[in-house]
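There are 2 protein chains.
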Amino acid sequence: MKLSRISDSTVRRLSSYCRVLEELDREGRRMVSSKRLAERGGVSSAQVRKDLSYFGSFGRRGLGYNVPRLLEEIRSIMGLNRTWRCALVGAGHIGSALFSYHDFRRRGFDVVAIFDNAEAVVGQKWEDCEIQNVKKLVPEIRRLGVDIGIVATPARAAQEVADLMVEAGVSGILNFAPRKLEVPKEISLRNVNMTIELESLSFALRASETRSRKKRAVSVDE
Amino acid sequence: MKLSRISDSTVRRLSSYCRVLEELDREGRRMVSSKRLAERGGVSSAQVRKDLSYFGSFGRRGLGYNVPRLLEEIRSIMGLNRTWRCALVGAGHIGSALFSYHDFRRRGFDVVAIFDNAEAVVGQKWEDCEIQNVKKLVPEIRRLGVDIGIVATPARAAQEVADLMVEAGVSGILNFAPRKLEVPKEISLRNVNMTIELESLSFALRASETRSRKKRAVSVDE
Numbered sequence: 000m001k002l003s004r005i006s007d008s009t010v011r012r013l014s015s016y017c018r019v020l021e022e023l024d025r026e027g028r029r030m031v032s033s034k035r036l037a038e039r040g041g042v043s044s045a046q047v048r049k050d051l052s053y054f055g056s057f058g059r060r061g062l063g064y065n066v067p068r069l070l071e072e073i074r075s076i077m078g079l080n081r082t083w084r085c086a087l088v089g090a091g092h093i094g095s096a097l098f099s100y101h102d103f104r105r106r107g108f109d110v111v112a113i114f115d116n117a118e119a120v121v122g123q124k125w126e127d128c129e130i131q132n133v134k135k136l137v138p139e140i141r142r143l144g145v146d147i148g149i150v151a152t153p154a155r156a157a158q159e160v161a162d163l164m165v166e167a168g169v170s171g172i173l174n175f176a177p178r179k180l181e182v183p184k185e186i187s188l189r190n191v192n193m194t195i196e197l198e199s200l201s202f203a204l205r206a207s208e209t210r211s212r213k214k215r216a217v218s219v220d221e
Numbered sequence: 000m001k002l003s004r005i006s007d008s009t010v011r012r013l014s015s016y017c018r019v020l021e022e023l024d025r026e027g028r029r030m031v032s033s034k035r036l037a038e039r040g041g042v043s044s045a046q047v048r049k050d051l052s053y054f055g056s057f058g059r060r061g062l063g064y065n066v067p068r069l070l071e072e073i074r075s076i077m078g079l080n081r082t083w084r085c086a087l088v089g090a091g092h093i094g095s096a097l098f099s100y101h102d103f104r105r106r107g108f109d110v111v112a113i114f115d116n117a118e119a120v121v122g123q124k125w126e127d128c129e130i131q132n133v134k135k136l137v138p139e140i141r142r143l144g145v146d147i148g149i150v151a152t153p154a155r156a157a158q159e160v161a162d163l164m165v166e167a168g169v170s171g172i173l174n175f176a177p178r179k180l181e182v183p184k185e186i187s188l189r190n191v192n193m194t195i196e197l198e199s200l201s202f203a204l205r206a207s208e209t210r211s212r213k214k215r216a217v218s219v220d221e
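Protein chains in written order, with numbering that gives the first Met the number 0: chain A, 0 to 221; chain B, 0 to 221.
Quick caveat, the hints were computed from the structure, so don't treat them as lab data.
Wrong hints could be hidden among the right ones.
Copies of the same chain look alike in the list, so a pair counts if it fits in one copy or across any two.
Derived lysine-lysine pairs resembling DSS-like cross-links, with alpha carbons at most 27 angstroms apart [to be verified]:
1) K49 <-> K179
2) K179 <-> K34
3) K134 <-> K179
4) K49 <-> K34
5) K34 <-> K184
6) K184 <-> K135
Model the full structure from these sequences, guided by the hints.
What follows is the structure, given as structure tokens:
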């Protein structure tokens with residue numbers, strides 16, 4: 000099975016099966032049927048069987064899947080059984096929340112360097128990690144062999160920071176800044192953007208309120 | 000202009016123009032050209048002009064757009080000049096980070112109720128807001144006239160909580176739980192899912208490493 004043939008939506012479902020399997024594992028369950036995995040993951044059991052069949056046959060008819068073994072296999076496929084070296088740029092609110100986010104580290108994302116451009120924070124320490132001037136970004140990322148650059152800067156600085164990360168040779172970028180980044184196609188880019196989701200939700204609610212008001216106005220006119 | 004005709008991608012770009020305009024406003028700039036707005040927003044200036052033309056003509060040829068006025072107009076279109084009443088379900092790490100996230104409140108998202116199912120946290124206070132038992136969710140959301148339900152529970156509880164929110168009459172749901180939610184089509188649903196983005200990034204990096212290794216193996220064989 001070529002990993003590159005697996006679609007992004009399959010990868011996202013595998014990620015959600017991981018969540019379900021971790022929960023089952025904590026509950027001490029040894030086996031799980033595709034039906035139960037499907038119910039908990041919010042998909043059909045045919046979809047579960049199809050997704051898992053990509054990776055060979057884990058399940059046994061009538062018995063289902065072995066929980067710890069399937070979890071181990073999916074983690075290995077997803078690259079979650081190893082550590083990724085991350086450099087965080089932007090020591091503000093989002094950067095700090097991320098740095099102290101337990102799940103982030105538990106999943107193997109290890110922040111080995113932090114950068115900022117504000118004199119006030121450069122030199123401060125977060126646990127054992129000293130915040131460095133962003134001017135040192137390229138040589139430091141090279142020296143430390145960083146895999147993933149994390150952009151947690153204001154929108155206006157995000158593209159410039161991403162360009163420096165690419166120059167320094169990261170393989171992937173995780174962008175928390177509320178703007179679209181341009182990166183070469185061999186760089187994997189993922190975006191987590193709460194502000195845009197919030198504002199798009201706000202817009203959708205306002206649009207639906209406007210519709211309801213119009214409907215009411217029409218009823219009154221009739 | 001019918002709000003419902005505006006595409007989701009336009010809304011997302013408007014959200015990013017908001018970011019740029021807020022920055023310009025803080026810098027004390029009164030006017031901005033579509034070119035500059037485009038550069039900072041990471042799109043073409045033709046795109047900016049097209050997006051803004053939906054809402055009537057804000058710009059003046061040769062002078063550009065008035066920054067505070069355009070910001071005010073976009074905020075009004077997006078429903079960001081008002082307050083949305085939010086109920087947060089899940090008083091764990093994500094819920095707590097969100098509750099204390101300054102930007103969330105500044106954009107008019109006001110958490111008026113918090114729910115959890117753990118005896119240990121029910122009754123605790125976050126600022127002035129007491130954490131209530133999730134069993135009270137439906138009557139409390141109705142009583143308080145909540146607009147938006149925020150799902151910050153573990154994956155396994157997320158659908159059940161969303162169903163209760165819909166029953167209670169919320170207009171929108173913001174989902175932070177790492178699973179896909181099913182809601183009636185009249186409910187606006189937005190997802191913010193860091194774990195899935197992280198794991199999908201991890202997978203992409205692993206897949207590209209596998210490709211590089213294969214390439215190297217082929218080179219050696221030749």
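Taking the hints in turn, this is what the structure says about them:
{"no.": "1", "hint": "K49 <-> K179", "verdict": "between (33 angstroms within a copy, 18 angstroms between copies)"}
{"no.": "2", "hint": "K179 <-> K34", "verdict": "between (39 angstroms within a copy, 16 angstroms between copies)"}
{"no.": "3", "hint": "K134 <-> K179", "verdict": "within (23 angstroms within a copy, 41 angstroms between copies)"}
{"no.": "4", "hint": "K49 <-> K34", "verdict": "within (12 angstroms within a copy, 48 angstroms between copies)"}
{"no.": "5", "hint": "K34 <-> K184", "verdict": "between (38 angstroms within a copy, 26 angstroms between copies)"}
{"no.": "6", "hint": "K184 <-> K135", "verdict": "within (25 angstroms within a copy, 49 angstroms between copies)"}
In the structure shown, no violation is registered for any of the earlier numbered hints.
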